[in-house]
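Peer 1: Sequence:
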Amino acid sequence: MFKPNENGTYALVGYQGDEAHVVIPETYGGGVISVIGDGIFSGHKEIESVALPATVTDMGEFVFDGCTRLSRIELPLSLECLWGYTFVRCGIEEITLPDRLVTLPPFAFKDCKELRRVVCGKGLKKIYSWVFSGCDRFEELIRNEIVEVSPQAFDTKELNT
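Under our numbering, the first residue of the sequence shown is numbered 20, with each subsequent residue one higher.
What the hints contain is simulated information worked out from the structure, not anything from laboratory work. Since the model is a prediction, treat every value here as computed from it, not as a measurement. A portion of the hints provided could be inaccurate.
In silico DSS-like links for lysine-lysine, alpha-carbon gap of 30 Å or less [unchecked claim]:
hint: 1; residue 1: Lys64; residue 2: Lys132
hint: 2; residue 1: Lys145; residue 2: Lys132
hint: 3; residue 1: Lys22; residue 2: Lys64
hint: 4; residue 1: Lys132; residue 2: Lys144
Whenever a hint applies, use it, and build me the whole structure from the sequences.
Peer 2: Below, the structure is given as structure tokens:
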């Protein structure tokens, strides 16, 4: 399900499939898909991978909440904004953040029990509190030294950063 944005692009605002491998189209109704709406894949435990179009700039809250089998996702280079809880309780093990992403909001990866490694893009400037809260297996954060990391970003876990 799609909804038009004021700028002529579209937002994906609903999903009713049951596929293991989801491919989101780049266009709809003559406009590009630029926004992935809040909670659209929430609770879809069957999803193993998601292919996002190169046109996506924003991803909402709780997009992949509870997608425990989601192990593969490649974020588009165009991505500029994540909202809180985007990947909460999902099964990803490793993720590379695109260069245009400037911040990681609170709770973005909360309770991702399989998450082990995050590679930050060159544009990342701030990692907020509790981004990796409950990520029991988290081991490595690769980032530039200029990235400001909240002292509460990892709970009490010691990491190789």
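Peer 1: Take the hints in turn and mark each one as holding or not.
Peer 2: Against the structure, the hints:
For the suggested pair lysine 64 and lysine 132, the alpha carbons sit about 14 Å apart, so the restraint of at most 30 Å is met. For a cut-off of 30 Å, the pair hint linking lysine 145 to lysine 132 stands: about 23 Å separates their Cα positions. For the proposed pair lysine 22 and lysine 64, the alpha carbon gap of about 25 Å is at most 30 Å, so the pair holds. A threshold of 30 Å between alpha carbons decides the hint, and for lysine 132 with lysine 144 the separation of about 25 Å falls inside it, so the pair holds.
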